[in-house]
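Undergrad: Knowing the structure of chain A, use the given hints to seat chain B on it.
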Amino acid sequence: MSLLSRFEKLLFVVAATIAAGCSGSTSNADDSPLAFPHRRPTFESEGRRLGYVANRNSDTVSVLDLDAMTLLGSVPVGRDPVDIDGPRHIVLDSANALAYLVLSYPFSIPSVHVQGATKRPSYVQALNLFDLSIAGELRVDPWAVELAFSPATGRLAVSHADESRFLQPAEERRANLVLVDSASAIATNDAQANRLTLCAVPNALAFDSDGSRVFVACTGEDSVAVVDSASRTVLSRVPAGATPPSQPYALVVDPIHDRLLVSNKVSRSVSVFDLEDTPNLLSTHRAVDEQGAFLGYPMFSVLLSDSVLAIPLQKPDGASLFDVTTGEQLLEVQYSDAECVHPAEFSLTSDSRLRLVCEGDQYHPGQVVEVDPNTLAVIASVPVELYPERMTILEP
Amino acid sequence: MNRMPRHTPRYFSPSAALLGLCLLSACSAPVAQSEVDEGSRLFVGKALSQSRLNDYNCAVCHDAVASNPPSKKAGGALAGVTLRTSFWGGQVADLLGSVNACRENFMADNRPLSPKDEPARALYAYLASLEPGNSEPIPFTIVTTIDPLPRGDTPEAIADAERRGQDLYAQTCMTCHGTMHDGLGRLSTRVPILPEETLAEHPPPQYTPRVQRLVFTEKIRHGLFLGYGGVMPPFSSEVLSDAEVSDLLEALGVIGQ
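Read top to bottom, the protein sequences are chains A and B.
So for the first sequence, the numbering used here puts the first residue at 1; every next one is plus one.
So for the second sequence, the numbering used here puts the first residue at 1; every next one is plus one.
Chain A extracted, bound-state conformation (with noise of 0.2 Å):
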């Protein structure tokens, strides 16, 4: 007869084992139960395009399942939990599952009580792309706006749009655009900021496709400056359109169509320039109405092929489409506030589907709409939180 019974024998290993798993507890930490279970919402994309939309007013990101236009969630981003941290822009960077995230602090004026207070300077943020926690971050200059990343070079771009300096001497009025060339080291919060002083209130930027120079629009200066993102040198400056003032806010680099659209809010007008080192205007276009009145001022716009542009249009709401090889205008609609309110990034998937970002009015959740390519009719719409502007699309 054995020593043990075999039914004692198997109770002796599963007492093992589960002394085993507990014996961690006690002398290995990284075996123990885990503290603080991870209890987020995750984001898996399935085989589905994502759309990550970030809420300036309301501190979260949302994240739109786009295939079915249906909200998978949102959750709070930032690292203040009661000031509003302002996130303008996400972008992803999927080969290291992270997510950079722009904090901008837009009422971040410090208390009329408060003596010798300063500007709050701004954040960049590594999230964990699954579930949008913070791995890491990166302080950056005040007022950061708006960021690009390239894929191909790991680099990250920030612009910061501080409308104080362009009250001081002409000198100082140029604003840093910071340039990070290895953007994973922000999630372990190694990365180093590298600043260039570029120009006046630089807003919307974006890399070329191989992430060598990056486009800057400058609405201090009334130009586009183009920068050498691994020597970090201005290779040009050129006017952002044929009529000034332009004033240009919003920019894309189509790397399909070897464009870059820049859109202009006091000049109405969105410029097509080539991908040049100093890029060559192409054409302008403005949308106006059966009078000839001119339209709404031009957001973040798309080229549906080689030829048909779309154009969202704020203040009157609507959208626009143009033919840039003939100059024009294809449609011009407008949209109801339950449509959408203030029209601010048109998004083309690889199915051809179009969506657009309406920011709402910055008190009210705005909306992710889908649009009909051909008759700019909104055709789906998804609710998401206050003030969006711009959604970065994964797709699958």
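By construction, these hints were calculated from the structure, which means they are not laboratory data.
Ideal Cβ positions, reconstructed from N, Cα and C, are used throughout, including at glycine.
Errors might be hidden in some of the hints.
[Unchecked claim] Output of the computed footprint for chain A on chain B, the stretches with three or more beta carbons under 8 Å from beta carbons of chain A:
#1 98-107
#2 110-123
#3 236-242
[Unchecked claim] Covered stretches of chain A (in silico footprint by chain B; criterion: 3 or more residues with CB under 8 Å from a CB of chain B, positions within the stretch not fixed):
#4 81-87
#5 322-335
[As the list claims (entries may be wrong)] Pairs of lysine to any residue, SDA-like flavour, derived with a Cα cap of 20 Å:
#6 Lys-116/B <-> Gly-136/A
#7 Lys-119/A <-> Val-231/B
#8 Lys-116/B <-> Ala-135/A
#9 Lys-116/B <-> His-38/A
TA: This is chain B only, laid out in the frame that chain A set:
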């Protein structure tokens, strides 16, 4: 021979039961209890922060278990916090992030704890020991716009407000600021004696009595946030109503005149 049914004796083998009990008891209870004990020490001590500038512990702002009527501490009771999925009025989505926000903003330690850190494990063990508690998010509404708060309009109403304010001072302010006017028992000399030292930091003529009343109101409502600075926690509208803030100001003699 009288035999037991074929399958039963093995399940009740004394040696096997003893073996299992020994192993299970050796592995769980004492260790978990030591972590709970360490966590409870962290809850009431300063060791959750490595900063020498820290004057706080968790218990300054949080009760472990909710009381009835609810306490006037700035933060919610923590029993059930391990079951919640939203913190800081919905601005933080995970508990450790919430703890780290407290450590950074109030306890002067901006090095976030990870779930594997010993203090984090101990604190979690203690918080989990408080379950079930309240698993719902605690309402936490920050009053962003600071408006002048009215006083009572009769001598009797003002006297009543002052009495209520004295009680509220004992519940909300005294733990950190010590006794009114002399600061006895305050957390540290960095914490101002109320109201004298705060009034001295906001002297006339830059600060009129009306503005001084606004300063106190803003400090109570915003704490260190929304551009003010310092390390004071904000008191939400759920913890203190406007009328209660007005009562506090009456007791402090910050009447705006």
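Undergrad: Now, for every hint given, state plainly whether the structure supports it.
TA: Structure-based check of all given hints:
1. 98-107: holds (count 3)
2. 110-123: With 6 residues close enough to chain A, the hint holds.
3. 236-242: Coverage by chain A is violated for the region 236-242 of chain B (0 residues, Cβ < 8 Å).
4. 81-87: The restraint on the region 81-87 of chain A holds, since 3 of its residues have a Cβ under 8 Å from chain B and three suffice.
5. 322-335: It is violated, with 0 qualifying residues against the three required.
6. Lys-116/B <-> Gly-136/A: holds, 17 Å
7. Lys-119/A <-> Val-231/B: holds, 19 Å
8. Lys-116/B <-> Ala-135/A: holds, 15 Å
9. Lys-116/B <-> His-38/A: holds, 13 Å
In terms of the numbered hints stated before, the structure departs from hints 3, 5, listed from lowest to highest.
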